[in-house]
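Undergrad: All chains, please: the whole structure from these sequences, using the hints.
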Amino acid sequence: MIARVQRWVARDSAWTAAANRWGHGRWVRAYFATISRLGDGLFWYALMALIVIADGYRGLTASAHMAATGVVALALYKTLKRWTKRPRPCAREPQVHALVAPLDEFSFPSGHTLHALSFTLVALAYYPTLIWLLAPFCVSVALSRVVLGLHYPSDVLAASVIATALAALSLWLVPGVSMF
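Residue numbers (this note's numbering): 1 to 180.
Heads up, a few of these hints could be off.
Claimed, not checked - Pairs of lysine to any residue residues, derived as SDA-like cross-links and limited to a Cα-Cα distance of at most 20 Å, are as follows:
#1 Lys81 - Glu93
#2 Lys78 - Pro153
#3 Lys78 - Glu105
#4 Lys85 - Gln6
#5 Lys78 - Gly41
#6 Lys81 - Asp40
#7 Lys81 - Val161
#8 Lys78 - Leu103
#9 Lys81 - Ala91
#10 Lys78 - Asp40
#11 Lys85 - Phe106
#12 Lys85 - Ala75
#13 Lys78 - Arg37
#14 Lys81 - Val9
#15 Lys81 - Phe106
#16 Lys85 - Leu157
#17 Lys78 - Asp104
#18 Lys81 - Ile162
#19 Lys78 - Gly56
#20 Lys85 - Ser160
#21 Lys85 - Pro153
#22 Lys85 - Ala98
#23 Lys78 - Pro102
#24 Lys81 - Ala101
#25 Lys85 - Val5
#26 Lys81 - Pro153
#27 Lys78 - Ile162
#28 Lys78 - Val161
#29 Lys78 - Ala67
#30 Lys81 - Ser160
#31 Lys81 - Ala98
Simulated from the structure, these hints should not be mistaken for laboratory data.
TA: What follows is the structure, given as structure tokens:
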């Protein structure tokens with residue numbers, strides 16, 4: 001069991017280092033730094049505002065649902081980060097360099113990924129046609145965190161599982177809205 005965990009940790013570190021090396025390319029770094037910055041909240045706030053403008057009361061309902069889910073996601077990831085205190089790969093792995101400044105000290109789970117996926121799933125429940133915009137953006141946000149040296153793939157994977165469960169619960173609690 002211990003050997004299996006050690007192999008997983010080694011693979012996680014190796015994948016992080018490989019993605020981070022790829023991120024040193026000028027255009028790759030610029031793309032993922034921009035995506036990560038938009039994932040700080042700007043993209044989501046703009047989307048929620050546009051949904052309200054475009055769809056009135058239904059848009060307000062969808063935006064409020066996204067915001068409520070976001071508040072719970074924020075509480076979850078801040079609690080998990082304080083509890084696990086997993087150092088970021090750029091602080092632990094000598095071959096991994098932060099290509100943008102981290103927003104906080106700890107790595108697990110990826111807050112950007114948790115928000116991106118939970119917002120995406122809730123938004124798609126209301127507006128499935130937005131998949132062409134939201135799916136690539138969400139995937140890019142998740143990848144950016146590893147490429148920029150701020151998270152391990154396992155941080156992103158864990159955040160994805162938490163986000164999916166959170167969005168599913170959130171959608172279950174709201175009558176008439178469904179993920180599928």
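Undergrad: Could you grab the alpha-carbon distance between Lys85 and Val5 and see if it respects the 20 Å cut-off?
TA: 18 Å, holds
Undergrad: Assess, step by step, whether the Cα of Lys78 is no farther than 20 Å from the Cα of Pro153, and give holds or violated.
TA: 18 Å, holds
Undergrad: Given the hint that Lys85 pairs with Leu157, test it: the Cα-Cα distance must not exceed 20 Å.
TA: 17 Å, holds
Undergrad: Is the Cα-Cα distance between Lys78 and Pro102 20 Å or less?
TA: 14 Å, holds
Undergrad: With a cut-off of 20 Å on the C-alpha distance, tell me whether Lys81 and Ala101 pass.
TA: 17 Å, holds
Undergrad: For a C-alpha distance cap of 20 Å, please report whether Lys78 and Glu105 respect it.
TA: Roughly 11 Å between the alpha carbons, so the hint for Lys78 and Glu105 holds.
Undergrad: Do the alpha carbons of Lys78 and Gly41 lie within 20 Å of each other, as the hint requires?
TA: Given that 20 Å is the threshold and the Cα spacing comes to 16 Å, the pair holds.
Undergrad: What's the verdict on Lys85 and Ser160, does the C-alpha distance respect the 20 Å limit or exceed it?
TA: With a Cα-Cα distance of about 19 Å, the restraint between Lys85 and Ser160 holds, given a limit of 20 Å.
Undergrad: Between Lys78 and Gly56, does the CA-CA distance stay at or below 20 Å?
TA: 32 Å, violated
Undergrad: Given the hint that Lys81 pairs with Ala91, does the C-alpha gap stay at or below 20 Å?
TA: Holds. Lys81 to Ala91 sits at ~15 Å (cutoff 20 Å).
Undergrad: Taken at face value, is the distance from the CA of Pro153 to the CA of Lys81 at most 20 Å?
TA: OK: Lys81 and Pro153 at ~16 Å, within 20 Å.
Undergrad: Hinted pair, alpha-carbon criterion (20 Å max): Lys78, Ala67. Please report holds or violated.
TA: Holds. Lys78 to Ala67 sits at ~16 Å (cutoff 20 Å).
Going through the hint list in order, the structure does not satisfy hint 19, though it satisfies all others.
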